[in-house]
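From first to last, the protein sequence lines stand for chains A and B. Take 1 as the starting number for the first sequence in our numbering and just add one per residue. Take 1 as the starting number for the second sequence in our numbering and just add one per residue.
What the hints contain is simulated information worked out from the structure, not anything from laboratory work. All figures in this text were calculated on a predicted structure; none of them were measured in a lab. Check the hints yourself; a few may be wrong.
In silico lysine-lysine, DSSO-like type, Cα no more than 30 Å apart, as pairs [as the list claims (entries may be wrong)]:
(1) B:Lys140 <-> B:Lys422
(2) A:Lys54 <-> B:Lys10
(3) B:Lys10 <-> A:Lys34
(4) B:Lys387 <-> A:Lys47
(5) B:Lys234 <-> B:Lys453
(6) A:Lys47 <-> B:Lys422
(7) A:Lys71 <-> B:Lys10
Using C-beta positions, here's what the derived DEER-type ranges look like [stated by the list, open to error]:
(8) B:Arg337 <-> A:Met51: 25 to 35 Å
(9) A:Phe72 <-> B:Phe316: 39 to 49 Å
(10) A:Arg38 <-> B:Gly295: 26 to 36 Å
(11) A:Arg53 <-> B:Val452: 27 to 37 Å
(12) B:Val321 <-> A:Phe72: 51 to 61 Å
(13) A:Met51 <-> B:Asn427: 29 to 39 Å
(14) A:Asn45 <-> B:Arg353: 24 to 34 Å
(15) A:Met51 <-> B:Thr149: 21 to 31 Å
With the C-beta cut set under 10 Å, the calculated list includes, among others, these residues of chain B facing chain A [said to hold, decoys possible]:
(16) His77
(17) Tyr78
(18) Thr125
(19) Pro128
(20) Ile129
(21) Leu131
(22) Thr219
(23) Tyr330
Just so it is clear, CB atoms sit at the ideal spot from N, CA and C, and this is done for glycine as well.
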Amino acid sequence: MKPRRIQSGFKRNGGRVVHSSKDHSTVKSLSLLKKGQRGKIVHINTKDRSMLRKLMAMGILPGLTITLIQKFPSYVFQIGASQFAIDKKMAEQIEVRPII
Amino acid sequence: MSERIFGKIKYEDPVDFSIETALEKIEAMLVGDYAISKRGIGLLLLQEDESISADVRLKEGENFALIQEIIEEAKKHYSHPLDYIITVRRQQEAGEILSHVTEPVSHGKTTFAERLSRLMMQPLTGIPILLLILYWGLYKFVGEFGAGTVVGFIEGTVFEKYINPFVSGWFIRLVPWHTVQDLFVGEYGMITLGIRYAVALILPIVAFFFFVFSIIEDTGYLPRLAMLIDRLFKKIGLSGRAVIPMVLGFGCDTMATMVTRTLPTKRERIISTMLLALAVPCSAQIGVIIALLEGRRAALFIWTSVTFLVFLFIGFLAAQVLPGERPSFYMEVPPLRFPKIYNVLVKTYVRIRWYFIEVLPVFVLASFIIWLGQITGLFNIVVNLLKKPVVMMGLPPEAAKVFLFGFFRRDYGAAGLFDMNKSGALNGVQLVVACIALTLFLPCVAQFLMNVKERGLKTGLSISAFTLFFSFTVAFIVNYLLVLFGVVL
Chain A
1 MKPRRIQSGF
11 KRNGGRVVHS
21 SKDHSTVKSL
31 SLLKKGQRGK
41 IVHINTKDRS
51 MLRKLMAMGI
61 LPGLTITLIQ
71 KFPSYVFQIG
81 ASQFAIDKKM
91 AEQIEVRPII
Chain B
1 MSERIFGKIK
11 YEDPVDFSIE
21 TALEKIEAML
31 VGDYAISKRG
41 IGLLLLQEDE
51 SISADVRLKE
61 GENFALIQEI
71 IEEAKKHYSH
81 PLDYIITVRR
91 QQEAGEILSH
101 VTEPVSHGKT
111 TFAERLSRLM
121 MQPLTGIPIL
131 LLILYWGLYK
141 FVGEFGAGTV
151 VGFIEGTVFE
161 KYINPFVSGW
171 FIRLVPWHTV
181 QDLFVGEYGM
191 ITLGIRYAVA
201 LILPIVAFFF
211 FVFSIIEDTG
221 YLPRLAMLID
231 RLFKKIGLSG
241 RAVIPMVLGF
251 GCDTMATMVT
261 RTLPTKRERI
271 ISTMLLALAV
281 PCSAQIGVII
291 ALLEGRRAAL
301 FIWTSVTFLV
311 FLFIGFLAAQ
321 VLPGERPSFY
331 MEVPPLRFPK
341 IYNVLVKTYV
351 RIRWYFIEVL
361 PVFVLASFII
371 WLGQITGLFN
381 IVVNLLKKPV
391 VMMGLPPEAA
401 KVFLFGFFRR
411 DYGAAGLFDM
421 NKSGALNGVQ
431 LVVACIALTL
441 FLPCVAQFLM
451 NVKERGLKTG
461 LSISAFTLFF
471 SFTVAFIVNY
481 LLVLFGVVL
């Protein structure tokens, strides 16, 4: 079930935070995760078709678990057994629910 | 485990016009001949695949407009792009299938490869690793061993002692006309210079470079390098993906320019072509310059720093000036693997073969053009034109010939410098200035032709014109500063 969106805002460093009433963990963009943190992908937030395709081609799809390996100098994440490197702009478009 | 038969994925949704409905309607309308099932075509149309849409438009004629309407109607009933919905549905189905037959196993310990990979990707350890690779791979192996020892042997011993005198003697006896003799076995003869250079000087150096590059490539290191320098490259209008052509440029700029085709935007292609033409020295050049500046560590350091700074500076300027969207960076990072000898040898062989086929004719052609230029006197005219700027850089006027040769092959020019240095005509400062000017100088004939082929005549010519003036300007400034501060190298 998609979380009900009550409040959404923009963080200064470009990430998106969406608060949900259904569960108490916030959905945030990959760029806001901490290094080493894992999350469940919720949504790809982009209107750009080619960007959408590129992200999907890397395996970024709702329901999958993503691990953020590092943030600097580029974002490196792992889904399943594959690792990918992307820049901040792309990382901001992946919305995940952090797994503590 | 429950029995489940996996058939086609149904895209039924609780909306008035679901994807499944759209698929049924489209399937009914397709009359043309397609290589895959009509349902497959329908799915691709709903995903707005460009090449399939064009194909269907051709095959269905008037019906295509009706198909478009069906697609638009379906789109209205979903809050996300259909591409997304279909992909997510497929992934769910795939996950479902896998859950019946596989079990996730988590690895307790991190392997050595993974640990090394992490070290390579963090700047604190990654940059020293990169510098080590550059030092041992490029400088020691390609530069000192390849350009120094191996070339010294092939050129000095094999060619100079045996092949050249033999061929010259034989030729002179066969062909009595002096001019024709000159063409083939004279000072700049096709055989004595052209082929000798291609086989004895360039081929070994380039072979060594391709060998090292293939090893690095086979380990999977390059994507890690790309993610390290992406931020830096963004400042010069490129993305980390451009690391591949740039690194190849250290082998052969001409081949690297061809590879710039893989960059996604036009802006990136132009910037990378220009930087390759200006500030990325090819392996042949590197080899000869390292040999030239041997023993003068400070001079080598200055040459490296100036070239690197020019690269960043001009890249930054170009990024400000040229319009266009900023590139995005995404790259798969494969696991680090120990290189396979077979892979490395095959890759090296293929590249050497390409190089030989593309480049050897250019060498021979260059000899021919020089010969032609000499007998028509055109040669001397151009050399005289170059004398003025050359002297302004603080170099002796004889160095003008070096730059003219540098146009044909950068290493011809560097080799000319070599001879001048041996005869003691240049001091340390002049040597560095000449090397800097030669490196930044306009692209060699082969690269120029590739620039024109890939980017068009106008861009190719502007790049050559710019590098010509800029190289002399920078050399002038460097010379001025070194002399001003009384630096002795």
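Going down the list of hints, with the structure as the test:
{"no.": "1", "hint": "B:Lys140 <-> B:Lys422", "result": "holds, 23 Å"}
{"no.": "2", "hint": "A:Lys54 <-> B:Lys10", "result": "holds, 25 Å"}
{"no.": "3", "hint": "B:Lys10 <-> A:Lys34", "result": "violated, 38 Å"}
{"no.": "4", "hint": "B:Lys387 <-> A:Lys47", "result": "violated, 59 Å"}
{"no.": "5", "hint": "B:Lys234 <-> B:Lys453", "result": "holds, 26 Å"}
{"no.": "6", "hint": "A:Lys47 <-> B:Lys422", "result": "violated, 64 Å"}
{"no.": "7", "hint": "A:Lys71 <-> B:Lys10", "result": "violated, 39 Å"}
{"no.": "8", "hint": "B:Arg337 <-> A:Met51: 25 to 35 Å", "result": "holds, 30 Å"}
{"no.": "9", "hint": "A:Phe72 <-> B:Phe316: 39 to 49 Å", "result": "violated, 21 Å"}
{"no.": "10", "hint": "A:Arg38 <-> B:Gly295: 26 to 36 Å", "result": "violated, 55 Å"}
{"no.": "11", "hint": "A:Arg53 <-> B:Val452: 27 to 37 Å", "result": "holds, 34 Å"}
{"no.": "12", "hint": "B:Val321 <-> A:Phe72: 51 to 61 Å", "result": "violated, 29 Å"}
{"no.": "13", "hint": "A:Met51 <-> B:Asn427: 29 to 39 Å", "result": "violated, 56 Å"}
{"no.": "14", "hint": "A:Asn45 <-> B:Arg353: 24 to 34 Å", "result": "violated, 48 Å"}
{"no.": "15", "hint": "A:Met51 <-> B:Thr149: 21 to 31 Å", "result": "violated, 51 Å"}
{"no.": "16", "hint": "His77", "result": "violated, 17 Å"}
{"no.": "17", "hint": "Tyr78", "result": "violated, 13 Å"}
{"no.": "18", "hint": "Thr125", "result": "violated, 12 Å"}
{"no.": "19", "hint": "Pro128", "result": "violated, 15 Å"}
{"no.": "20", "hint": "Ile129", "result": "violated, 14 Å"}
{"no.": "21", "hint": "Leu131", "result": "violated, 16 Å"}
{"no.": "22", "hint": "Thr219", "result": "violated, 15 Å"}
{"no.": "23", "hint": "Tyr330", "result": "holds, 5 Å"}
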